[in-house]
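Undergrad: Could you build all of it, start to finish, from the sequences and the hints given here?
These are the residues of each chain, in order.
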Amino acid sequence: MTALIEIRNLHAKAKGLEILHGIDLTIQPGEVHAIMGPNGSGKSTLSQVLAGRDSFEVTEGEVIYKGKDLLSMAPEKRACEGVFLAFQYPVEIPGVNNTYFLKAALNSVRKYRGEEELDAMDFLKLVREKVKLIELDEELINRPVNEGFSGGEKKRNEIFQMAVLEPTFAILDETDSGLDIDALQIVAAGVNALRTKERSMLVITHYQRLLNHIVPDFVHVLVDGRIVRSGGTELALKLEEEGYGWLETKVS
Amino acid sequence: MSTTTDKLKEFVDKDYAYGFVTDIEQDTIPKGLDENTVRIISAKKEEPEWLLEWRLKAFRHWLTMTEPTWPNIHYPPIDYQDLRYYSAPKQDKDKPKSLDEVDPELLRTYEKLGISLEEQGRLAGVAVDAVFDSVSVATTFKDKLSEIGIIFCSFSEAVKEHPDLVRQYLGTVVPYSDNFFATLNSAVFSDGSFVYVPKGVRCPMELSTYFRINASDTGQFERTLIIADEGAYVSYLEGCTAPMRDENQLHAAVVELVTLDHAEIKYATVQNWYPGDKDGKGGIYNFVTKRGKCAGVKSKISWTQVETGSAITWKYPSCLLLGDDSIGEFYSVALTNNYQQADTGTKMIHVGKNTRSTIISKGISAGHGQNTYRGQVKILKSAEGARNYSQCDSLLLGDKCGAHTFPYIEVKNPTAQMEHEATTSKIGEDQLFYCNQRGIDTENAISMIVNGFAKQVLRNLPMEFAVEAQKLLGVSLEGSVG
Chain A
3 MTALIEIRNL
13 HAKAKGLEIL
23 HGIDLTIQPG
33 EVHAIMGPNG
43 SGKSTLSQVL
53 AGRDSFEVTE
63 GEVIYKGKDL
73 LSMAPEKRAC
83 EGVFLAFQYP
93 VEIPGVNNTY
103 FLKAALNSVR
113 KYRGEEELDA
123 MDFLKLVREK
133 VKLIELDEEL
143 INRPVNEGFS
153 GGEKKRNEIF
163 QMAVLEPTFA
173 ILDETDSGLD
183 IDALQIVAAG
193 VNALRTKERS
203 MLVITHYQRL
213 LNHIVPDFVH
223 VLVDGRIVRS
233 GGTELALKLE
243 EEGYGWLETK
253 VS
Chain B
176 MSTTTDKLKE
186 FVDKDYAYGF
196 VTDIEQDTIP
206 KGLDENTVRI
216 ISAKKEEPEW
226 LLEWRLKAFR
236 HWLTMTEPTW
246 PNIHYPPIDY
256 QDLRYYSAPK
266 QDKDKPKSLD
276 EVDPELLRTY
286 EKLGISLEEQ
296 GRLAGVAVDA
306 VFDSVSVATT
316 FKDKLSEIGI
326 IFCSFSEAVK
336 EHPDLVRQYL
346 GTVVPYSDNF
356 FATLNSAVFS
366 DGSFVYVPKG
376 VRCPMELSTY
386 FRINASDTGQ
396 FERTLIIADE
406 GAYVSYLEGC
416 TAPMRDENQL
426 HAAVVELVTL
436 DHAEIKYATV
446 QNWYPGDKDG
456 KGGIYNFVTK
466 RGKCAGVKSK
476 ISWTQVETGS
486 AITWKYPSCL
496 LLGDDSIGEF
506 YSVALTNNYQ
516 QADTGTKMIH
526 VGKNTRSTII
536 SKGISAGHGQ
546 NTYRGQVKIL
556 KSAEGARNYS
566 QCDSLLLGDK
576 CGAHTFPYIE
586 VKNPTAQMEH
596 EATTSKIGED
606 QLFYCNQRGI
616 DTENAISMIV
626 NGFAKQVLRN
636 LPMEFAVEAQ
646 KLLGVSLEGS
656 VG
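Chains A and B, in that order, are what the protein sequence lines are.
For the first sequence, position 43 (counting from the first letter as 1) is numbered 45 according to the numbering used here, and the numbering increases by one without interruption.
For the second sequence, position 460 (counting from the first letter as 1) is numbered 635 according to the numbering used here, and the numbering increases by one without interruption.
Simulated from the structure, these hints should not be mistaken for lab results.
Certain hints may be false.
Using 27 angstroms as the maximum straight-line C-alpha spacing, the simulated DSS-like pairs for lysine-lysine come out as follows [to be verified]: (1) Lys17/A x Lys646/B; (2) Lys113/A x Lys68/A; (3) Lys79/A x Lys646/B; (4) Lys374/B x Lys335/B; (5) Lys646/B x Lys113/A; (6) Lys17/A x Lys575/B.
Short, incomplete list of chain A residues facing chain B, as computed with Cβ under 8 angstroms [unchecked claim]: (7) Ala16; (8) Glu20; (9) Gly24; (10) Pro77; (11) Ala106; (12) Ala107; (13) Val111.
So, partial list: chain A residues that the calculated Cβ filter (under 7 angstroms) puts toward chain B [unchecked claim]: (14) Met75; (15) Ala81; (16) Glu83; (17) Val93; (18) Val98; (19) Ser110; (20) Gly150; (21) Leu237.
For every residue, glycine included, the Cβ atom is placed at its ideal position computed from N, Cα and C.
TA: What follows is the structure, encoded as structure tokens:
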């Protein structure tokens, strides 16, 4: 089996400071990997580097995605190739209708793949179908992108976008933060419904709680810019009980 | 981040699409300005004595005036003697009676600009008056409109055919002595549009004037007068373009609107004069006085402007709210890119009781562009129960441009309700990255964000033009941020 994504010895820095000190991670098609770690361990940096944010500089290493060099691609090209990032802090775009935004996004992805662009009617049909998946208020999808949304609504909107864009590789960056338990269950159910044999996910979280609902195939612990431990779900449970302290002492 | 700035920069460099010159035989007068110039213009237009006198009064007054220095714009002094004040396409002695007689080269020019003068054209349902340099070359749908009593013609024609109406209203909103540029216009104005909508008539189609500067070293001084009689309604739109030239060209227009009881005028502008090149060379100096008088009770005047062109824009479409319960509105998007400068805004003068005004101003600055909002809201003592709502938002692209806001508020009646909101924001790296991450490239992302920002204003434009204006905002920004 060829890996969907292979991260090799990835080093990255921001504002002159190295944050990732050599990450190695291989994800096969259909697998869900969770990354856990304390604040400041580099979890979000990893997600942003993979999505192509230019405020981070990759200083060493490579990322092979679908057999291609991911790091040489512009962020929009990565998106068109099926990389999706559910933002930890979704961005507001005043005056730009959510549906309009998403239609533009979907059509640029479709165009890239050489597919026919969807017209307004077909798109609306698709939206109606996907909106049920995460129980998003239909009224919200006609408001400006994320403007005036509650924290929970923003996170749900991210998963809604993911459902519409149908990525091959989805990164969920602390999608559980700021969600109450009901919202968490809805979001998790939405994500689980999107699990397929081809689609891989990287779930970044602070808390084990999310992993009761989105059960990963592998759990990795990121501390100080390195993966210090990998295992199954039992690793997440151990972290929940004992915290990160026992790992940190071993690393240094 | 620097990379984002680079992307913005790339985006903001796109060429002006209307910069071509039409090769056509012109009837021009020598450069320079004195009383004789005024007389020549008046004679060429075969004007009555009273109009010549009015022009001369304006000219003599202009000689005593100095150019205003208060605007937040900078340009080398204009040599008013080094300009030509009249230029018209040469035509057979009698003006063309129908489109068939209009010089085909002119028709092609407007075709190229996307303005069809053929009445079956793309904008069927919109009547167009086309002004080429100093004269109106064609007005469409005239006969159809005249059946319901609407007069829509060039200003010169109105002077000949409807002298009483012109005489009754000319200079009643913008007096000949109003300001330096309006006074200059009063002396040397060439042509423009005239509209009269009689009592109780709703104009069934959009009226539109398309202004084109073609000749070099020539100023354009058009004058438009629109009157909506009691209970009448009209929606009017003007568009403008000019060739690309290295020299700056002067455009000083005057627009006067009058609404009587229960009448309404909507006036929209999509201004896309040549803005100059990337280094700030050339471009139109756009010094325009636009003012509406809500003379009647419950009358309404609404200004919508999309200002993307010109090296310098200086204009303050205003409303004088005389009639009780009258309403003034101003919706503006002004975009400055490269070295463009705009000092624009409005004046809302509340005189009548329960008068209301709304101001929505959206300034977008990119490149080295400087964008100033200057607005005055004045509530006079007589304006019991007046209300104003003002909102001024600025959007910056890049770090070399500027946004400035100068609101002037003067309230002489304690019952007035005033609201003022202002924001300044930058197109964030966050927003661009978010769009990119969803597969939308930077160019489309900027265009989307800018249009979202301007939406409140654009939705006041007639549908066909709203689409044009959206594209224009995108194009004007291409290659914009340094």
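Undergrad: Determine for every hint whether it applies to the structure shown.
TA: The hints, checked one at a time:
no.	hint	verdict
1	Lys17/A x Lys646/B	violated (37 angstroms)
2	Lys113/A x Lys68/A	holds (19 angstroms)
3	Lys79/A x Lys646/B	holds (24 angstroms)
4	Lys374/B x Lys335/B	holds (22 angstroms)
5	Lys646/B x Lys113/A	holds (21 angstroms)
6	Lys17/A x Lys575/B	holds (22 angstroms)
7	Ala16	violated (10 angstroms)
8	Glu20	violated (18 angstroms)
9	Gly24	violated (24 angstroms)
10	Pro77	holds (4 angstroms)
11	Ala106	holds (6 angstroms)
12	Ala107	holds (4 angstroms)
13	Val111	holds (4 angstroms)
14	Met75	violated (11 angstroms)
15	Ala81	holds (4 angstroms)
16	Glu83	violated (9 angstroms)
17	Val93	holds (4 angstroms)
18	Val98	holds (4 angstroms)
19	Ser110	holds (4 angstroms)
20	Gly150	violated (14 angstroms)
21	Leu237	violated (29 angstroms)
Violated hints, listed in ascending order, are 1, 7, 8, 9, 14, 16, 20, 21; each of the other numbered hints is respected by the structure.
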